[in-house]
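Visitor: Note that the protein sequences, when read in sequence, are chains V and S.
Counting from 1, one number per residue, gives the positions in the first sequence under this note's numbering.
Counting from 1, one number per residue, gives the positions in the second sequence under this note's numbering.
Hints are not guaranteed to be accurate.
Which stretches of chain V does chain S cover? Using the computed rule of at least three CB atoms under 8 angstroms from a CB of chain S, they are [as the list claims (entries may be wrong)]:
| no. | segment |
| --- | --- |
| 1 | 2 to 9 |
| 2 | 114 to 127 |
Computed cross-link-like contacts, DSBU-like style, restricted to lysine-lysine with a CA-CA straight-line distance of at most 35 angstroms [unchecked claim]:
| no. | chain 1 | residue 1 | chain 2 | residue 2 |
| --- | --- | --- | --- | --- |
| 3 | V | 113 | S | 207 |
| 4 | S | 71 | V | 59 |
| 5 | S | 180 | S | 13 |
Covered stretches of chain V, going by a simulated chain S footprint (3 or more residues, C-beta under 8 angstroms) [said to hold, decoys possible]:
| no. | segment |
| --- | --- |
| 6 | 62 to 74 |
| 7 | 98 to 107 |
| 8 | 145 to 153 |
| 9 | 197 to 203 |
Hints listed in this document are in silico derivations from the structure and should not be mistaken for laboratory results.
Here a beta-carbon is modelled for each residue, glycine too, at the ideal position from N, C-alpha and C.
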Amino acid sequence: MIKVAVLDYGIGNVRSITNALTSIGAEPILTSDNELILSADALILPGVGAFAKGMQNLKDRNLVGLIHQFVDSGKPFLGICLGMQMLLEESEEFGFNKGLGLIKGKVVKLPLKLGNEEKLPHVSWNEISPPSHGRWNNTLLESTAISSDVYFIHSYVALPNDQSEVLSHTFYGDGYFCSAVQKDNITGFQFHPEKSGALGLNMLSEFIESTRKINYESN
Amino acid sequence: MHKLRLIARLDVKNEFVIKGIHLEGLRKIGNPNVLAKKYYDEGIDEIVFMDAVASLYGRNNLFNIIEQACKEVFVPIAIGGGIRSLHDIELALKSGADKIVLNTQAVKTPQIISDASRVYGSQCIVASIEAKSKGINKWEAYVDNGREETGLDVIEWVKKLEDLGVGEIMVTSIDQEGTKKGFDLDLIDQVSNMVSVPVIASGGAGKINHIVELKKKTTASAVALASLIHYNIHSIPEIKESVIAQDIHMRL
Chain V
1 MIKVAVLDYG IGNVRSITNA LTSIGAEPIL TSDNELILSA DALILPGVGA
51 FAKGMQNLKD RNLVGLIHQF VDSGKPFLGI CLGMQMLLEE SEEFGFNKGL
101 GLIKGKVVKL PLKLGNEEKL PHVSWNEISP PSHGRWNNTL LESTAISSDV
151 YFIHSYVALP NDQSEVLSHT FYGDGYFCSA VQKDNITGFQ FHPEKSGALG
201 LNMLSEFIES TRKINYESN
Chain S
1 MHKLRLIARL DVKNEFVIKG IHLEGLRKIG NPNVLAKKYY DEGIDEIVFM
51 DAVASLYGRN NLFNIIEQAC KEVFVPIAIG GGIRSLHDIE LALKSGADKI
101 VLNTQAVKTP QIISDASRVY GSQCIVASIE AKSKGINKWE AYVDNGREET
151 GLDVIEWVKK LEDLGVGEIM VTSIDQEGTK KGFDLDLIDQ VSNMVSVPVI
201 ASGGAGKINH IVELKKKTTA SAVALASLIH YNIHSIPEIK ESVIAQDIHM
251 RL
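Next up, chain V with everything else stripped away, as it sits in the complex (with noise of 0.2 angstroms):
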């Protein structure tokens, strides 16, 4: 069975997260040990909240060099809605703070003109697509329609530096913000798969999958 580690941080509701994995029969660990999550196949960095304690969770758990450490080994990371935030260099959500650094750019509340019936937090199932220069072959998105509607809840939006890791954006208000990230073996999704029904967990499944081929070509 596919082991993936869901990091506990001492944030949010993640029983979600192993519950959808369970479900679609993987074997979530949730842990903040060193050798449990450098030993699992993939890892999920979950989130909701402030990035701010986000991040600080992840010093005080000595967290930080460890993401790095696995994302090094090439195996499939996922960070979700804050998780995936926390992937940039930086948020200016309450003041400035640093984030992982793992893709260039930072985290900026939505900086769209929202009309009359558009409120913010942006609290609402919303359409992904691939931006004009994008594709989703080979990536967790590849058997995801078009268009396909995803659970959405969050005010700030990452603005990555390299359009090309954009692997989803969505539109609201007056433009689109992005969706999604990717940048070789990290993804990371601003909705909530495990809160986006049958579709959501079909992701997690392309997620679990993305794992065998790493072994495949491992070996």
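With chain V fixed as given, assemble chain S onto it according to the hints.
Guide: Here is chain S on its own, set in the frame of chain V:
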């Protein structure tokens, strides 16, 4: 784009989903976990479990139900009724809830909203308001399932709740609740114009057209349904298809 969310509201008493009129006169509908799974399979966007008697007895019995629900329901789950402290919120989140709905305690000690938003993030804190009409364009906030008045003016109270850092506001019209006669459109309109956070309209939906009417006349972000789905008046796909046919965006 914005998509109107359909939320199944399950009011629970003694392990049964119940349904009343004006939040009173309760009738048993079924098992909460069976219903939650059924609505999930049919395509509901979110589920809210409300403990209908917890605030009277000072305890919340829903944690077991939530633990089970989040093993088989992969859309957002909210829990409310009898949540009194940060400790209760912690327990609810640990049992698998994504959002916490607060009413009585927010009225007693409004600071719980700001404390909870700071610790757990405003995205998981939903304020619930039970509103009773007090004349034209005037509503008073009630607690304990519409039994106790608070003296708070609803429109002033929602503004305060937003300032305290709440992430969403669910507004239930006590006058319309369970009547299947439609939402209190003036109430929802005024509340959603007053705040910039998402507003969930609750109380009164008895036919599909009530949802269409609500969306055309207010800026509500979501609707909570009970009678319409509990009494099998319409299935969730039927509701969604009919609403989408009226040019309203929704997840199918």
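Visitor: Determine for every hint whether it applies to the structure shown.
Guide: Status of the hints after comparison with the structure:
Only residues whose beta carbon comes within less than 8 angstroms of a beta carbon in chain S count, and the segment 2 to 9 of chain V has 0; fewer than three means the coverage is violated. A stretch counts as covered by a chain when three or more of its residues have a beta carbon under 8 angstroms from one of that chain; for the segment 114 to 127 of chain V and chain S the count is 12, and the coverage holds. For the suggested pair residue 113 of chain V and residue 207 of chain S, the alpha carbons sit about 34 angstroms apart, so the restraint of at most 35 angstroms is met. Pair hint residue 71 of chain S plus residue 59 of chain V holds up; C-alpha atoms about 31 angstroms apart against a cutoff of 35 angstroms.
For a cut-off of 35 angstroms, the pair hint linking residue 180 of chain S to residue 13 of chain S stands: about 21 angstroms separates their Cα positions. Only when three residues or more bring their CB closer than 8 angstroms to a CB of chain S does the claim for the segment 62 to 74 of chain V stand; here the count is 0, and the claim is violated. With 0 residues having a Cβ less than 8 angstroms from any Cβ of chain S, the segment 98 to 107 of chain V misses the three-residue criterion, and the hint is violated. Under the rule that three or more residues need a Cβ within less than 8 angstroms of chain S, the assignment of the segment 145 to 153 of chain V holds, with 3 such residues.
Counting residues of the segment 197 to 203 of chain V whose beta-carbon sits less than 8 angstroms from any beta-carbon of chain S gives 4, enough to reach three: the coverage restraint holds.
Going through the hint list in order, the structure does not satisfy hints 1, 6, 7.
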